[in-house]
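Protein chains: 2
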Amino acid sequence: MRASQFFLPTLKETPAEAELISHQLLLRGGFIRRLASGLYTWLPLGLRVLRKVEGVVREEMERAGAQEVLMPVVQPAELWQESGRWELYGPELLRLKDRHQRDFCLGPTHEEVISDLARREIRSYRQLPLNLYQVQTKFRDEIRPRFGLMRAREFIMKDAYSFHIDQDSLRATYQEMYDAYRNIFTRLGLEFRAVDADTGAIGGKASHEFHVLADSGEDAIVHCSACDYAANQELARSRPLLDSSDPLLPAEQRATPGIRTVEDQAKVLGISPAQVVKSLLVFADDKPTLLLLRGDDELNLIKAARVLDADTLRLASAEETRELLGVPFGFLGPKDLPAPLPIVADQRVLVLRNFSTGANIGGQHWLHLNWERDLPRPQAADLRNVQVGDACPHCATGSLGIRRGIEVGHVFQLGTRYSEKLGVRVLNEAGKEQVVLMGCYGIGVSRIVAAAVEQNFDERGICWPATMAPFDVGIVAIQAKKSPTVLAAAEAMMARLEAKGLQVFLDDRDERPGVQFATMDLIGLPHRLVISEKTLAQNLWEYRGRRDSENHLISEAEVLSILQGEPR
Amino acid sequence: MRASQFFLPTLKETPAEAELISHQLLLRGGFIRRLASGLYTWLPLGLRVLRKVEGVVREEMERAGAQEVLMPVVQPAELWQESGRWELYGPELLRLKDRHQRDFCLGPTHEEVISDLARREIRSYRQLPLNLYQVQTKFRDEIRPRFGLMRAREFIMKDAYSFHIDQDSLRATYQEMYDAYRNIFTRLGLEFRAVDADTGAIGGKASHEFHVLADSGEDAIVHCSACDYAANQELARSRPLLDSSDPLLPAEQRATPGIRTVEDQAKVLGISPAQVVKSLLVFADDKPTLLLLRGDDELNLIKAARVLDADTLRLASAEETRELLGVPFGFLGPKDLPAPLPIVADQRVLVLRNFSTGANIGGQHWLHLNWERDLPRPQAADLRNVQVGDACPHCATGSLGIRRGIEVGHVFQLGTRYSEKLGVRVLNEAGKEQVVLMGCYGIGVSRIVAAAVEQNFDERGICWPATMAPFDVGIVAIQAKKSPTVLAAAEAMMARLEAKGLQVFLDDRDERPGVQFATMDLIGLPHRLVISEKTLAQNLWEYRGRRDSENHLISEAEVLSILQGEPR
Chain A
5 MRASQFFLPT LKETPAEAEL ISHQLLLRGG FIRRLASGLY TWLPLGLRVL
55 RKVEGVVREE MERAGAQEVL MPVVQPAELW QESGRWELYG PELLRLKDRH
105 QRDFCLGPTH EEVISDLARR EIRSYRQLPL NLYQVQTKFR DEIRPRFGLM
155 RAREFIMKDA YSFHIDQDSL RATYQEMYDA YRNIFTRLGL EFRAVDADTG
205 AIGGKASHEF HVLADSGEDA IVHCSACDYA ANQELARSRP LLDSSDPLLP
255 AEQRATPGIR TVEDQAKVLG ISPAQVVKSL LVFADDKPTL LLLRGDDELN
305 LIKAARVLDA DTLRLASAEE TRELLGVPFG FLGPKDLPAP LPIVADQRVL
355 VLRNFSTGAN IGGQHWLHLN WERDLPRPQA ADLRNVQVGD ACPHCATGSL
405 GIRRGIEVGH VFQLGTRYSE KLGVRVLNEA GKEQVVLMGC YGIGVSRIVA
455 AAVEQNFDER GICWPATMAP FDVGIVAIQA KKSPTVLAAA EAMMARLEAK
505 GLQVFLDDRD ERPGVQFATM DLIGLPHRLV ISEKTLAQNL WEYRGRRDSE
555 NHLISEAEVL SILQGEPR
Chain B
5 MRASQFFLPT LKETPAEAEL ISHQLLLRGG FIRRLASGLY TWLPLGLRVL
55 RKVEGVVREE MERAGAQEVL MPVVQPAELW QESGRWELYG PELLRLKDRH
105 QRDFCLGPTH EEVISDLARR EIRSYRQLPL NLYQVQTKFR DEIRPRFGLM
155 RAREFIMKDA YSFHIDQDSL RATYQEMYDA YRNIFTRLGL EFRAVDADTG
205 AIGGKASHEF HVLADSGEDA IVHCSACDYA ANQELARSRP LLDSSDPLLP
255 AEQRATPGIR TVEDQAKVLG ISPAQVVKSL LVFADDKPTL LLLRGDDELN
305 LIKAARVLDA DTLRLASAEE TRELLGVPFG FLGPKDLPAP LPIVADQRVL
355 VLRNFSTGAN IGGQHWLHLN WERDLPRPQA ADLRNVQVGD ACPHCATGSL
405 GIRRGIEVGH VFQLGTRYSE KLGVRVLNEA GKEQVVLMGC YGIGVSRIVA
455 AAVEQNFDER GICWPATMAP FDVGIVAIQA KKSPTVLAAA EAMMARLEAK
505 GLQVFLDDRD ERPGVQFATM DLIGLPHRLV ISEKTLAQNL WEYRGRRDSE
555 NHLISEAEVL SILQGEPR
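So the sequences go chain by chain: A and B.
Mind the numbering: the first sequence is residues 5 to 572 in the working numbering, read in order.
Mind the numbering: the second sequence is residues 5 to 572 in the working numbering, read in order.
One or more hints might be untrue.
One copy or any two copies: either way a pair holds, since identical chains are not told apart in the list.
[Said to hold, decoys possible] With a straight-line cut-off of 30 Å between C-alpha atoms, the simulated BS3-like cross-links for lysine-lysine are:
1. Lys436 / Lys16
2. Lys101 / Lys436
3. Lys425 / Lys436
4. Lys425 / Lys538
Just so you know, these hints were derived from the structure itself, not from any lab.
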């Protein structure tokens, strides 16, 4: 493709509307344009990237035995009423009426439609398992669409739905999809993590999120340095500490006037913050409870709410604490509580020896308390945020790190959640009717394009992973309009590379070299070749990989050998 | 692909909802399923056909220099208000409100959105011409969606829009698109006609429709036997007759009591219906006018309305005729009209000699009237429907035939209709701002699938043109579950054909041969190979082309040679 014939409206200035780097660079590079809030047009360059992602997704889905279908964007309300989501789904579900005043919605997801198809077409366990997918336009009416493709209202998703006669079959397909997703993100050249999103107590159903790692990610992803373990920080666990074997010291009450923080307390008492036990009064659905954490740990409200089986959880204020227990803030402790409250301790608190707590008297703290000897062991639970350096809960050797992640995929064992409500039943081997089990598997195809940029850019523009690049190679022909020999050499090279199956973008525009280089860097092709009268005279090409810091003058044979090795 | 692993829910019965043969066969063959009125899900087999059509469309668009983009389905009302179509477009435009109560619509077409893109991104004539296209989901809220894919509410369209600095450039791109459309329909193996849809007096802008010829088509297409001329019957012309050289006979008035029809009149007077002149009283926007046609011709109301520059045109009733002229129905004539009315005659009437008309007296007709001698020549115009056998208006030798057609494509020179309203302006060579010219070019991608079936079926099912077939070859393995050798031979053949790039559908199901044959005929693959223990023993394959009437027992070498010749 020649730049002179390609619709590539690049921008010099960063558009004010764009906060995220991917949004800025995709606008500046002429990949996308905004039509209205959360609605984007894919320009030719951007569509090429999108199609490459779609291509990899399709190949891996087919390889895993999924079959492609295409369902309508517009869905009848009746199905959503059957599943109960017409009422449950918030205003993100864009509802509309047709000319006959019948209710419809724009599909944000297709569980209802696929379940309707399945209940009409599947009669027997012999037709199972079945895994159907589509690559399709979806709509979610975000309240504040932001960040370009990252949180658009209209977007492109690959969604797959599988149907099974039993849990073993569901598990097998779930694993196939999990593996397919790993293959997809690996082939796309993205650094990613499959994150355990096991909802544990709530459903017991398996679920994993796939996150592209990038500093701008909305989610904190905890991951092991040695094994595959990764989890959302909200859910991440770590290996509990071993019991300490320190000799027990005699407990003593100390005057600690004016102390407000764990750090003050540790300093005044000459201990480490890890030996301080924080006592946090919380209201779990209005029920007061005392939570205990190590001084150097942070409360994880989501874990705590789940442990206490509470819909809402909040910290008590100083006033509420004084009112309920008569103790000033900062001097609470589990020993001799003025009122009988449930107490739950983080598991790391229960292995402490010689710890310090508030004494439930203003200006007084305990030092060298020990469980059993000085106070009873409370209920233990995992209440804390894991921290960098914690031991991995899965493997023996790894320690945990924390990265930011952008969710680009989600696999989920739905069980009978939709098939029960919509009546997706088949005859089983015994000839009896049985509700089928379902799995669902989503990939944010258009979001991947943005996530890839968040992970792959520098101060000059995008650095596309090879598989996603809109073209494989860019050729900059210097002053091509004035030098027919330069243009001819560039065209010959383009033809040679295209014959090898490479996609080439030839900048033959009548622009200054600086403008040409800036464009090429901005749009982020993996390889750049420059030809000018000077290099032509030497019979050499100036080559630079997009992430290289220097140019290399090389022969045509070397050019072909470098680009030969390029994976397609 | 193996049938045992492919989601192919075929139906034995014809669904009651389906009137058209394409709708019936696409449902029965497991290509599509209905979700709701006018909304269809593409099943795996149907999607394969759709993708093949899309593939050919994309290749020819790219070859013609168009660049692919992807615009949103959901469009802001503001743009439609700017173009004036928010009010003009009827209820087929599905309007909706987002959560912030802002108005949007589901795009039935994208002139507004592309014009908005162009006015933001194009600054100079140097960026023109530009031709952008997309393959995308569209929505038209049909009042009575019918005929399956033929008139669905949600459908897939290829729409292209071109931008130009002048009419020459528009004309050149229009011709490229016209040629690309011919290539597309030719490659798809469809019998089609490019139909002149020149709106003549109304706009003077060039426009062609592309129709797939099929008996079930909604449009009557007039076409020449010798040249490329084709037109919608509403607009079709024919070569006027030459003046007759018959000797003039003396006019006489004859008593013709009780005569009601042209046929009666001709019989009683001993002349041919071609010598009868019908006099039709019409109201053109409430203005009475007398139209004259030959007895064997039919009035074309659309042509007549255009000639009379009328928005509405209707025939007068017997009562109105008697009231206005005092003449009973059937005895009207242009000679000595009782009231002064404008008279317009079809051009074929004006070359008649010795014709017969009503005498404006009940029970009386004129015989052997002649223009000038007996009555003045009225205004001449083209008022009639062309008929089979008429002379072609374009070439010297051809005669006209009439076929039914399904519109699958439309190319149109829009001129400045949208660019003026939306302000798509560029600087021209003289540095002055100028409104650009636009063309638009649509193809009903999903409709093509239905139209192809309407043109290619028999009593057993679909006969796909090779380029559109979901698979190239079907292999029926007889009793494969019971004969491992048959299955192994079928699989080996599949592997050999796939290695040649052919797409193979292997029916390895545990079904009776009759069911296997019926399925294969229904889904309409171009080539069928059957293998059984019997043919295997002879080392032969039973081959049948989908349109063949007989099987052929052939060797593997012959199989490979037949399928070798298959265009991909």
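Verification of the hints:
no., hint, result
1, Lys436 / Lys16, "between (67 Å within a copy, 24 Å between copies)"
2, Lys101 / Lys436, "neither (40 Å within a copy, 46 Å between copies)"
3, Lys425 / Lys436, "within (18 Å within a copy, 65 Å between copies)"
4, Lys425 / Lys538, "neither (73 Å within a copy, 50 Å between copies)"
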